[in-house]
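A.B. asks: Here the protein sequences line up with chains V and U, keeping their order.
Start counting the first sequence at 1; every next residue gets the next number (the numbering used here).
Start counting the second sequence at 1; every next residue gets the next number (the numbering used here).
The hints are simulated quantities; they were obtained by calculation from the structure and are not laboratory data.
There could be a bad hint or two in this list.
If chains are identical, the list can't say which one is meant, so a pair holds when it fits in one copy or spans any two.
What the hints assert, rightly or not - With a straight-line cut-off of 27 Å between C-alpha atoms, the simulated DSS-like cross-links for lysine-lysine are:
#1 LYS211 x LYS458
#2 LYS411 x LYS261
#3 LYS468 x LYS271
#4 LYS341 x LYS211
#5 LYS394 x LYS61
#6 LYS58 x LYS224
#7 LYS211 x LYS271
#8 LYS468 x LYS394
#9 LYS225 x LYS155
#10 LYS58 x LYS119
#11 LYS344 x LYS224
Residue-level listing of the chains:
2 protein chains.
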Amino acid sequence: MHLLGLLPRRAWASLLSQLLRPPWASCTGAVRCQSQVAEAVLTSQLKAHQEKPNFIIKTPKGTRDLSPQHMVVREKILDLVISCFKRHGAKGMDTPAFELKETLTEKYGEDSGLMYDLKDQGGELLSLRYDLTVPFARYLAMNKVKKMKRYHVGKVWRRESPTIVQGRYREFCQCDFDIAGQFDPMIPDAECLKIMCEILSGLQLGDFLIKMAWKDVRHEMVVKKGLAPEVADRIGDYVQCHGGVSLVEQMFQDPRLSQNKQALEGLGDLKLLFEYLTLFGIADKISFDLSLARGLDYYTGVIYEAVLLQTPTQAGEEPLNVGSVAAGGRYDGLVGMFDPKGHKVPCVGLSIGVERIFYIVEQRMKTKGEKVRTTETQVFVATPQKNFLQERLKLIAELWNSGIKAEMLYKNNPKLLTQLHYCESTGIPLVVIIGEQELKEGVIKIRSVASREEVAIKRENLVAEIQKRLSES
Amino acid sequence: MHLLGLLPRRAWASLLSQLLRPPWASCTGAVRCQSQVAEAVLTSQLKAHQEKPNFIIKTPKGTRDLSPQHMVVREKILDLVISCFKRHGAKGMDTPAFELKETLTEKYGEDSGLMYDLKDQGGELLSLRYDLTVPFARYLAMNKVKKMKRYHVGKVWRRESPTIVQGRYREFCQCDFDIAGQFDPMIPDAECLKIMCEILSGLQLGDFLIKMAWKDVRHEMVVKKGLAPEVADRIGDYVQCHGGVSLVEQMFQDPRLSQNKQALEGLGDLKLLFEYLTLFGIADKISFDLSLARGLDYYTGVIYEAVLLQTPTQAGEEPLNVGSVAAGGRYDGLVGMFDPKGHKVPCVGLSIGVERIFYIVEQRMKTKGEKVRTTETQVFVATPQKNFLQERLKLIAELWNSGIKAEMLYKNNPKLLTQLHYCESTGIPLVVIIGEQELKEGVIKIRSVASREEVAIKRENLVAEIQKRLSES
Numbered sequence: 001m002h003l004l005g006l007l008p009r010r011a012w013a014s015l016l017s018q019l020l021r022p023p024w025a026s027c028t029g030a031v032r033c034q035s036q037v038a039e040a041v042l043t044s045q046l047k048a049h050q051e052k053p054n055f056i057i058k059t060p061k062g063t064r065d066l067s068p069q070h071m072v073v074r075e076k077i078l079d080l081v082i083s084c085f086k087r088h089g090a091k092g093m094d095t096p097a098f099e100l101k102e103t104l105t106e107k108y109g110e111d112s113g114l115m116y117d118l119k120d121q122g123g124e125l126l127s128l129r130y131d132l133t134v135p136f137a138r139y140l141a142m143n144k145v146k147k148m149k150r151y152h153v154g155k156v157w158r159r160e161s162p163t164i165v166q167g168r169y170r171e172f173c174q175c176d177f178d179i180a181g182q183f184d185p186m187i188p189d190a191e192c193l194k195i196m197c198e199i200l201s202g203l204q205l206g207d208f209l210i211k212m213a214w215k216d217v218r219h220e221m222v223v224k225k226g227l228a229p230e231v232a233d234r235i236g237d238y239v240q241c242h243g244g245v246s247l248v249e250q251m252f253q254d255p256r257l258s259q260n261k262q263a264l265e266g267l268g269d270l271k272l273l274f275e276y277l278t279l280f281g282i283a284d285k286i287s288f289d290l291s292l293a294r295g296l297d298y299y300t301g302v303i304y305e306a307v308l309l310q311t312p313t314q315a316g317e318e319p320l321n322v323g324s325v326a327a328g329g330r331y332d333g334l335v336g337m338f339d340p341k342g343h344k345v346p347c348v349g350l351s352i353g354v355e356r357i358f359y360i361v362e363q364r365m366k367t368k369g370e371k372v373r374t375t376e377t378q379v380f381v382a383t384p385q386k387n388f389l390q391e392r393l394k395l396i397a398e399l400w401n402s403g404i405k406a407e408m409l410y411k412n413n414p415k416l417l418t419q420l421h422y423c424e425s426t427g428i429p430l431v432v433i434i435g436e437q438e439l440k441e442g443v444i445k446i447r448s449v450a451s452r453e454e455v456a457i458k459r460e461n462l463v464a465e466i467q468k469r470l471s472e473s
Numbered sequence: 001m002h003l004l005g006l007l008p009r010r011a012w013a014s015l016l017s018q019l020l021r022p023p024w025a026s027c028t029g030a031v032r033c034q035s036q037v038a039e040a041v042l043t044s045q046l047k048a049h050q051e052k053p054n055f056i057i058k059t060p061k062g063t064r065d066l067s068p069q070h071m072v073v074r075e076k077i078l079d080l081v082i083s084c085f086k087r088h089g090a091k092g093m094d095t096p097a098f099e100l101k102e103t104l105t106e107k108y109g110e111d112s113g114l115m116y117d118l119k120d121q122g123g124e125l126l127s128l129r130y131d132l133t134v135p136f137a138r139y140l141a142m143n144k145v146k147k148m149k150r151y152h153v154g155k156v157w158r159r160e161s162p163t164i165v166q167g168r169y170r171e172f173c174q175c176d177f178d179i180a181g182q183f184d185p186m187i188p189d190a191e192c193l194k195i196m197c198e199i200l201s202g203l204q205l206g207d208f209l210i211k212m213a214w215k216d217v218r219h220e221m222v223v224k225k226g227l228a229p230e231v232a233d234r235i236g237d238y239v240q241c242h243g244g245v246s247l248v249e250q251m252f253q254d255p256r257l258s259q260n261k262q263a264l265e266g267l268g269d270l271k272l273l274f275e276y277l278t279l280f281g282i283a284d285k286i287s288f289d290l291s292l293a294r295g296l297d298y299y300t301g302v303i304y305e306a307v308l309l310q311t312p313t314q315a316g317e318e319p320l321n322v323g324s325v326a327a328g329g330r331y332d333g334l335v336g337m338f339d340p341k342g343h344k345v346p347c348v349g350l351s352i353g354v355e356r357i358f359y360i361v362e363q364r365m366k367t368k369g370e371k372v373r374t375t376e377t378q379v380f381v382a383t384p385q386k387n388f389l390q391e392r393l394k395l396i397a398e399l400w401n402s403g404i405k406a407e408m409l410y411k412n413n414p415k416l417l418t419q420l421h422y423c424e425s426t427g428i429p430l431v432v433i434i435g436e437q438e439l440k441e442g443v444i445k446i447r448s449v450a451s452r453e454e455v456a457i458k459r460e461n462l463v464a465e466i467q468k469r470l471s472e473s
């Protein structure tokens, strides 16, 4: 919020005033000229769009406004996600919406074409952030941070052709959790998978499964551990018929693998990971996927992706194709790309597909016909009398000052029925009613909108009584 | 979060693989090629920046990252602001970060030059939103909303030369509250001023004053009420020597005004407003300012601006020049500019200068040497023993599953001292310690980091005991 350009505006105003000053204005001072001008300017603006009949009022392609109804659902879901991140000791942070273009290039492979560039207005070449991971890596390298557990919730922008039906837009929200630093193998990786499970169970979206990209597991074994491709492929045979722990166990029972020192080493990390997942009680949620391919270019290790097992079909609900609702993996090379000496900071993280989750929950509520309250107002201040605005204002100020969420109609003399109807349509639970009678007796009526019961209480007990009722409900 | 472009990536990968495939790779399938390629690409990227020695890692000019320390302060302040907005019955909403350029042009006067335009990448011409008011007006017109009380917290972007010392950046956060709709005069206006007062008192930034632009009051009287300029200027004489209610009262005692029917009408709204402000108990916070000029072009009526009366100087704190910390006013013409038929929706609103408030609070904490916790971790899981990772993992999962915020070190065999030091440096209040002895006896030690007291409790009572302690503290 800035109140800007006082002087330039003055100059500009007096300039304009030469052109716009009405004849009768010649007698007045600068002050008047300016207000006249402002008014004149405004009127000219008012015409502006009418002179352009083909001007269409819309949001940019692939974007949308978020209505109060959307916001209520989002707030609930984001609260759950963020509180899980905090439960695991993550710190919050934020980065600018745009980065130097150079910071983002060569990080996303062919997707880079989907980046929003800013117009060159003199100065730096900028692009809107494409995800929250590259800015995080840039942050770590820039501040020489070698260790950090952080979460980041924010908007990112991608110029894809939007498939709105899946709740995919060009502007969307990401919720990322990442652990940066050199640690003993697979402990942070296991925690990331645990977090995914906690969030997806907490959201009660129905059953889910986390799939690991076998391609990457294999890649790890062959390239990093030097396992012979044919041995890796034999392990691959198991992957196709089993998943998770049982897979690992069985592989160790197969002499062709268990007696192959190389194979055992190659399987080491995988075994370790599943040991930890078992201790976390989530091993059964993890399986391998042959078709899953590494996501963005910066992933260096195993990537994983969470999918809902069955679309959460309620009675009469259209089935939803939601695809993956969370994903993550290792990107040990990314931070090094920003470090002049190429010093690496190993990272593992996850991203919750909140946009799709918002979409699922909204669809569900729609089919259930659930109505959400878009305000939190607790008390409505009403009167049956004319000329009671002053009393209503005094009363509502008292409520606000006691921290009570209160509303009234901005009318001098509203009808009582209109006032009560407003409460019912917006879900306000309590009404306080003040009239001449009450004023004389020093009381206030409290009405429960649901039961329509009314009781008169002493005016001085009003706040206490309301707080009592609100704490009970 | 999208896992993107599987097929295009495949194509691209196999293409690259023609160039990059190592000789021994010829025997392997597409899968392997792809991972090889990904690895190769990554290595080439890793070199990327090293080949550009003059590449500087930074955030764009006038922007900055928000560290966990920043985020903690912001979260606290935004919570207070938003809860006040909700207390007054406002709904939340959001709009895209960018708008059609045409939506924003001719709304900000000469400031338009400060807009960030997006590069024309085919399609629509877009600009980053410059404030939250114009998008709100566009939303109302687009959805034919005639009545709405909403708040909006979000980032906006302005290409000003940043004066970082005042906490002004090119990317900054706005917190807006607006009331749209045709209502009885001055009631919503008075509520906006009440909200400003509630927030500024709640934040305890020291004493403050809300100044009204006399120019605009005068403009209202002359242009809207048709008051003779000389009468308006006589009223102006009062403004210079008095402010607020007393002003209005005295004017009514002056026969030159009180016996002038026109003057009485001209004063009507002003009188009404101050009546309501008096009922709200904030009339003494409001005064007039001759120098204050209307802000952005879309303001049509009285604008107001809140300033801190004395910079909140604590012992040894450098004085701060913070200027205005909140502002608002009427913009009855803006929505009509978007309506094809020019239908107006009168609006009044306010914007809290949170960035400056963040800056003030941060400066204060700095001089006070206050340290903020950047995590909310309640319990740390420690062990004095080697090879106790499995027990720690089982234990911490139990805490997480009970909703307790818990951390441990990602090491197989951390030293107990290292673990306890981590708790002290990050402010974690409780430590649970498990070792062989405890395991044998089926107990767990709970240690208070502050008092360093340790007690052993039954393992099965752990969660209950921790929750009890946390609820007490």
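A.B. asks: Could you run down the list of hints and mark each one as holding or not?
C.D. replies: Results of checking the hints against the structure:
| no. | hint | in the structure |
| --- | --- | --- |
| 1 | LYS211 x LYS458 | neither (63 Å within a copy, 38 Å between copies) |
| 2 | LYS411 x LYS261 | between (84 Å within a copy, 26 Å between copies) |
| 3 | LYS468 x LYS271 | neither (56 Å within a copy, 38 Å between copies) |
| 4 | LYS341 x LYS211 | neither (35 Å within a copy, 55 Å between copies) |
| 5 | LYS394 x LYS61 | neither (47 Å within a copy, 49 Å between copies) |
| 6 | LYS58 x LYS224 | neither (51 Å within a copy, 33 Å between copies) |
| 7 | LYS211 x LYS271 | within (16 Å within a copy, 68 Å between copies) |
| 8 | LYS468 x LYS394 | within (21 Å within a copy, 42 Å between copies) |
| 9 | LYS225 x LYS155 | neither (38 Å within a copy, 46 Å between copies) |
| 10 | LYS58 x LYS119 | both (21 Å within a copy, 19 Å between copies) |
| 11 | LYS344 x LYS224 | within (16 Å within a copy, 67 Å between copies) |
Checked against the numbered hints above, the structure breaks hints 1, 3, 4, 5, 6 and 9 and satisfies the rest.
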